[in-house]
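Number of protein chains: 2
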Amino acid sequence: MRASEIRELLKLLEKPGITSFAGGVPDPALFPIARVNAAYATTLADEKTAASGLQYSTSEGYAPLRAWIASRMRSEGVPAQRENILITSGSQQALEFLGKLFLDAGDTALVTAPTYLGALQAFAAYEPRYDTVRPGTGNETPDVLRANATANGGAAKFIYLVPDFANPTGETLSRAAREQALALAGELDVPIIEDAAYAALRFEGEAQPSLQALSCARHGDINQSRVIYCGTFSKTLTPGLRVGWVCASEAIIRRLVLIKQACDLNSSLINQMIMHGLAEGDFDGQVARARTHYRARRDAMLDALAAAAVPGMTWTRPEGGLFVWVTLPDGIDAADLLPRAIEEAGVAFVPGGAFFTDGSGRNTLRLSYSLAGEDQIRAGIAKLCALITAA
Amino acid sequence: MRASEIRELLKLLEKPGITSFAGGVPDPALFPIARVNAAYATTLADEKTAASGLQYSTSEGYAPLRAWIASRMRSEGVPAQRENILITSGSQQALEFLGKLFLDAGDTALVTAPTYLGALQAFAAYEPRYDTVRPGTGNETPDVLRANATANGGAAKFIYLVPDFANPTGETLSRAAREQALALAGELDVPIIEDAAYAALRFEGEAQPSLQALSCARHGDINQSRVIYCGTFSKTLTPGLRVGWVCASEAIIRRLVLIKQACDLNSSLINQMIMHGLAEGDFDGQVARARTHYRARRDAMLDALAAAAVPGMTWTRPEGGLFVWVTLPDGIDAADLLPRAIEEAGVAFVPGGAFFTDGSGRNTLRLSYSLAGEDQIRAGIAKLCALITAA
Chain A
1 MRASEIRELL KLLEKPGITS FAGGVPDPAL FPIARVNAAY ATTLADEKTA
51 ASGLQYSTSE GYAPLRAWIA SRMRSEGVPA QRENILITSG SQQALEFLGK
101 LFLDAGDTAL VTAPTYLGAL QAFAAYEPRY DTVRPGTGNE TPDVLRANAT
151 ANGGAAKFIY LVPDFANPTG ETLSRAAREQ ALALAGELDV PIIEDAAYAA
201 LRFEGEAQPS LQALSCARHG DINQSRVIYC GTFSKTLTPG LRVGWVCASE
251 AIIRRLVLIK QACDLNSSLI NQMIMHGLAE GDFDGQVARA RTHYRARRDA
301 MLDALAAAAV PGMTWTRPEG GLFVWVTLPD GIDAADLLPR AIEEAGVAFV
351 PGGAFFTDGS GRNTLRLSYS LAGEDQIRAG IAKLCALITA A
Chain B
1 MRASEIRELL KLLEKPGITS FAGGVPDPAL FPIARVNAAY ATTLADEKTA
51 ASGLQYSTSE GYAPLRAWIA SRMRSEGVPA QRENILITSG SQQALEFLGK
101 LFLDAGDTAL VTAPTYLGAL QAFAAYEPRY DTVRPGTGNE TPDVLRANAT
151 ANGGAAKFIY LVPDFANPTG ETLSRAAREQ ALALAGELDV PIIEDAAYAA
201 LRFEGEAQPS LQALSCARHG DINQSRVIYC GTFSKTLTPG LRVGWVCASE
251 AIIRRLVLIK QACDLNSSLI NQMIMHGLAE GDFDGQVARA RTHYRARRDA
301 MLDALAAAAV PGMTWTRPEG GLFVWVTLPD GIDAADLLPR AIEEAGVAFV
351 PGGAFFTDGS GRNTLRLSYS LAGEDQIRAG IAKLCALITA A
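For the protein sequence lines, the chains are A and B, in the order given.
Numbering of the first sequence is given in our numbering, commencing with residue 1 and proceeding in unit increments.
Numbering of the second sequence is given in our numbering, commencing with residue 1 and proceeding in unit increments.
You may find that some hints are simply not true.
Stated by the list, open to error - Computed far set for chain A versus chain B, every beta-carbon distance over 10 Å:
| # | residue |
| --- | --- |
| 1 | 26 |
| 2 | 47 |
| 3 | 96 |
| 4 | 100 |
| 5 | 118 |
| 6 | 125 |
| 7 | 142 |
| 8 | 242 |
| 9 | 251 |
| 10 | 264 |
| 11 | 267 |
| 12 | 277 |
| 13 | 289 |
| 14 | 299 |
| 15 | 306 |
To be verified - 20 Å max Cα-Cα, derived EDC-like pairs, lysine to aspartate or glutamate:
| # | chain 1 | residue 1 | chain 2 | residue 2 |
| --- | --- | --- | --- | --- |
| 16 | B | 383 | B | 319 |
| 17 | A | 383 | A | 344 |
| 18 | B | 48 | A | 344 |
| 19 | A | 48 | B | 27 |
| 20 | A | 383 | A | 284 |
| 21 | B | 383 | B | 343 |
Don't read these hints as lab results, they were simulated from the structure.
Using N, Cα and C, we set each Cβ at its ideal position, and we do this for glycine too.
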């Protein structure tokens, strides 16, 4: 099932009466609408600020927002300065820029299986091949990975990971797996792209240091780090302002700034100003509310799965983020199941095959608990499991 | 002088006391700040609209804005429907997408000399070579252009033109030149990318039909047109919301939608909603104000040039837009002149060599009259001409 087909299918879900576990979008009930409104009003009331916010601006991004993000990164063990931050239009844009920066046709991108579909879409324009890494569960040796890449006429160019509450699996890399990934990157002499889209949304368990924090600790300096951290406000504050960031060495940021300039000149400055106001105002409060909100939904989903699961069906227990990953009994194809799930159970999900680069994972599916309320989740999971039982 | 060097240099211009004729940015005095403020307040006051505006949205763009643009295009002779419109983050993003869609390394992009620097930057990632077209003044034959492209291991993939009040020259293609460009595109069987960034800002003379309008008339249907029209609100309403568009055949739009999705998912929906409100509210009034405003500045610049020009110095007379293009007497290098102009005359411009792909144009420069008031323009041009006289 191709990305564009899934996209068409997801459009069908806008029908009323469908409980969608498909999208990975945040619950708009959490958007700080009143604060957004107040921030625009304040910013636009001052004529000088307004004129600047509505003008073209620097490709690097709004300096106070970059400084705020750097300070936040420092509080998480990453010794970043403003010069280590580039503002992007969501972290999707950062992934696309990194594909452009690193990949030539035939090069290899090292990814997990499954991995984030949007990253595959972002990299696709640069025609890479993919090889699989399994941090924590046993990688191929660097020599094998290198030889595979060379045999295909290119080189391994980076490792792409979603270490916290991954899209699509909801799983989190252990400390040991993180160290192992960094060691592999060192042996291959490639950067790691750390996609931290969900990292702030931890409900339980101990927070792991980011790959960027660990790499900075290894190298003693962010400008020597081989991690390129992609962050976003989309999952904590709102995706609608399109504000994400890259935190990396100054050398990488300078190259990305030129790419940003060529691609769209700059992200909307007024939106960056608003995001800065929101972040400075109550980022921690907003994150706390989101954690409480999504934890209750995750609990509802896990409880409902435990109550109704079919023998042979397994699922992940995410410590944060928005996703549960389900493995169906052998022989059940999730892509075949989906139309029936929509039609007969009024429930939608994303078939897991979409997240693999090699056609595997046909008996897997991704469930998001971000949009449905707890009662809906319980009812929807029960109906889905009943359908699987009958399958 | 490379784009990145120019960029560094332009940063120096933020000093007070410098009259900048360098940037091509609109005058913020024209931004409809009060209307922007009111539009945000109204949009965010309704909880449902706000929640939708702050969420992820479709890659195609906000349907009512696409419909408004299609209707506007129809009023200009282009039979467009909503399905022919993609919203982009400024027209710079459209240029980058089109580079991605059409160009492989070694392919040829056909451009004028000089041409818009940002287009060269947008295309650069795809490693094209350039060949020159001269609509209206005599192109190479299609056979020669094709042979040149083949000799370089690629193919001619598109013609890129800024037909109205071009950046950097301020010049406008005649009707005959437009027809000739379309004929050439037909003979080469390539699309034309029409960059219409300044098209709305006509001060005088008769408006020419867009290449898109002429192509639709030739083919009887926009879905058969070979023109890809890139428009923007940046020069008429405000660049700060980052809203531009592509108007092309549905087949092209569908391919660009997939690129948009991979690159940044979607442009900020709340910004598109605001832009729709602004456009629907008073687009014609806004355009009329901008025309009056910039015409007075153009007049001041042309008068000052006529009063103080050095023998052998020539310049264009733009009928709209933001730029005058100056050719200096032979032997004067504009890149050498620039540091002295800043230092001794307190005046900045962009050396013209930056807009050529072949190192020529060293005795040319681009002047923008968009930011300086009339008195400043008169004084600045007098000082610049005095410096050139002494050179």
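Hint check:
The Cβ of residue 26(A) sits about 8 Å from the closest Cβ of chain B, inside the 10 Å cut-off, so the non-interface label is violated. Here residue 47(A) does not stay apart from chain B, with its beta-carbon only about 6 Å from theirs, under the 10 Å limit. Some Cβ of chain B comes within 10 Å of the Cβ of residue 96(A); the nearest lies about 5 Å off, and the non-interface call is violated. A Cβ of chain B approaches the Cβ of residue 100(A) within 10 Å, the least distance being about 6 Å, so the stated non-interface status is violated.
Here residue 118(A) does not stay apart from chain B, with its beta-carbon only about 7 Å from theirs, under the 10 Å limit. Remark: the non-interface label on residue 125(A) conflicts with the geometry, its nearest Cβ contact in chain B lying 6 Å away (cut-off 10 Å). Every CB of chain B lies more than 10 Å from the CB of residue 142(A), the least distance being 29 Å, so the non-interface label holds. Distance check on residue 242(A): its Cβ comes as close as 5 Å (rounded) to a Cβ of chain B, failing to clear the 10 Å threshold; non-interface status is violated.
Residue placement check: residue 251(A) keeps its beta carbon more than 10 Å from all beta carbons of chain B (closest about 14 Å). At roughly 4 Å from the closest C-beta of chain B, the C-beta of residue 264(A) falls inside 10 Å, breaking its exclusion from the interface. Under the 10 Å C-beta cut-off, the non-interface status given to residue 267(A) relative to chain B is violated; the minimum distance is some 7 Å. The beta carbon of residue 277(A) is kept farther than 10 Å from every beta carbon of chain B, the shortest such distance being approximately 13 Å.
In this structure residue 289(A) is separated from chain B by more than 10 Å, as the shortest Cβ-Cβ distance comes to about 15 Å. No beta-carbon of chain B comes within 10 Å of the beta-carbon of residue 299(A); the shortest separation is about 24 Å. With a least beta-carbon separation of about 31 Å from chain B, residue 306(A) lies farther than 10 Å from that chain, consistent with its non-interface assignment. Proposed proximity of residue 383(B) and residue 319(B) is contradicted: the alpha carbons are some 25 Å apart, above 20 Å.
Only pairs whose Cα atoms come within 20 Å are accepted, and residue 383(A) paired with residue 344(A) is accepted, the gap being roughly 9 Å. Between residue 48(B) and residue 344(A) the alpha-carbon distance is near 29 Å, which puts this suggested pair outside the 20 Å criterion. For the given pair, residue 48(A) sits about 13 Å from residue 27(B) by alpha-carbon distance, which is consistent with the 20 Å threshold. Annotation: proposed proximity of residue 383(A) to residue 284(A) is violated, straight-line Cα distance about 37 Å (limit 20 Å).
A distance of roughly 12 Å separates the Cα atoms of residue 383(B) and residue 343(B); the hinted pair therefore holds under the 20 Å criterion.
Of the numbered hints listed earlier, those contradicted by the structure are 1, 2, 3, 4, 5, 6, 8, 10, 11, 16, 18 and 20.
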